[in-house]
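S.K.: One letter stands for each residue in the lines below.
Protein chains: 2
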Amino acid sequence: MVNSRFSVAIHILSLIATTSDKSQLTSDFIAGSVNTNPVVVRRMIGVLKKAGLLTSQPGIAGYELLVEPKDLTLLALYHAIDGPEQLFAIHDEPNPDCTVGRKIQRTLEGVYTSVWHAMEEQLQAQTLQDVLDQLR
Amino acid sequence: MVNSRFSVAIHILSLIATTSDKSQLTSDFIAGSVNTNPVVVRRMIGVLKKAGLLTSQPGIAGYELLVEPKDLTLLALYHAIDGPEQLFAIHDEPNPDCTVGRKIQRTLEGVYTSVWHAMEEQLQAQTLQDVLDQLR
DNA sequence: ACCTGTTGTAACTAGTATAGTTACAGGTTT
DNA sequence: AAACCTGTAACTATACTAGTTACAACAGGT
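As you go down the protein sequences, you meet chains A and B in turn.
Here this note's numbering is used: the first residue of the first sequence is 1083, the next is one more, and so on.
Here this note's numbering is used: the first residue of the second sequence is 1083, the next is one more, and so on.
Take the hints with a grain of salt, since some may be wrong.
Pairs count within a copy or across copies, as identical chains cannot be separated in the list.
As the list claims (entries may be wrong) - Below, computed lysine to aspartate or glutamate pairings styled on EDC-like, alpha-carbon distance capped at 20 Å:
| # | residue 1 | residue 2 |
| --- | --- | --- |
| 1 | Lys1152 | Glu1175 |
| 2 | Lys1131 | Asp1153 |
| 3 | Lys1132 | Glu1203 |
| 4 | Lys1104 | Glu1150 |
| 5 | Lys1152 | Glu1202 |
| 6 | Lys1132 | Asp1215 |
| 7 | Lys1104 | Glu1175 |
| 8 | Lys1104 | Glu1167 |
| 9 | Lys1185 | Glu1202 |
| 10 | Lys1104 | Asp1179 |
Hint data in this document are derived by calculation from the structure and do not stem from the laboratory.
Modelling step: build the complete structure from the supplied sequences, incorporating the hints.
M.R.: Right under this line is the structure:
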């Protein structure tokens, strides 16, 4: 199973999108909602900042979204947090002297690409706004 | 990224399906093609045996498929090797006193379920025979 | 000026998963 | 008996995740 960073990122962005009192939005407050450590939150927010999804200023409480929730697809978010592009690992260096070993990697890549593509379509079809709607 | 066991399982089954000389099919031989340790192969084969996909006998070289490659979908194989049902981890115990924290888990489950379902469809659409065809 | 509270990072740690390895009991064949 | 095999338990190296401590730098109030 893939790590929980994608889940945490969605949680953080949801909180920022729905909290009107920005001064309340400290990494400590967010960590209290996510149930993790403030540093974990700040670390993830650093990634989201680099991706241009939000802003913040050192020393000042509060984060601000730079994108409209309806314009942020979960696929874009997935790419922003640099989740794995490959879902399934392929074993290294199968034996090239073997009929199967010689072509298995390319074959598996094809299989996994089709699977990954189907996943991408689902992530593309859902936005942060859809998540917010379901949180009401 | 998910582990490489699914890839190794497909590799093993492909070898068994395409090797006519069964006495050649030792865990050592298979490990040489996959490029891993014979024990890793026997371990995986133990799982596939329990799932009823193949047979073998202690002391005797050779494995035999119990299913027709065209009847074995990659989804069935995936379930057989007990890969993770959930793709993305959801963080534990978000704060129930928070509007977002209270509903985030259920919401994320919905999102991930739709993604997982798309994946299942792709895996269901491909069989071991399809893999064998691509290996030629 | 100082104190408190904040962000942003680096560095370390505990826990866990993966895959490789060693070892060995027990079956089979010659 | 010897050589080979399967099946399994147990240990190890490596890597990743998430939690944690620590601290530099910044902001705002008193």
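S.K.: Confirm or reject each hint.
M.R.: Going down the list of hints, with the structure as the test:
| no. | hint | in the structure |
| --- | --- | --- |
| 1 | Lys1152 <-> Glu1175 | neither (44 Å within a copy, 27 Å between copies) |
| 2 | Lys1131 <-> Asp1153 | within (16 Å within a copy, 48 Å between copies) |
| 3 | Lys1132 <-> Glu1203 | neither (24 Å within a copy, 35 Å between copies) |
| 4 | Lys1104 <-> Glu1150 | within (17 Å within a copy, 61 Å between copies) |
| 5 | Lys1152 <-> Glu1202 | within (17 Å within a copy, 27 Å between copies) |
| 6 | Lys1132 <-> Asp1215 | neither (26 Å within a copy, 44 Å between copies) |
| 7 | Lys1104 <-> Glu1175 | neither (52 Å within a copy, 24 Å between copies) |
| 8 | Lys1104 <-> Glu1167 | neither (34 Å within a copy, 38 Å between copies) |
| 9 | Lys1185 <-> Glu1202 | neither (26 Å within a copy, 24 Å between copies) |
| 10 | Lys1104 <-> Asp1179 | between (62 Å within a copy, 19 Å between copies) |
Comparing the model with each earlier hint shows violations of hints 1, 3, 6, 7, 8 and 9; every other hint is respected.
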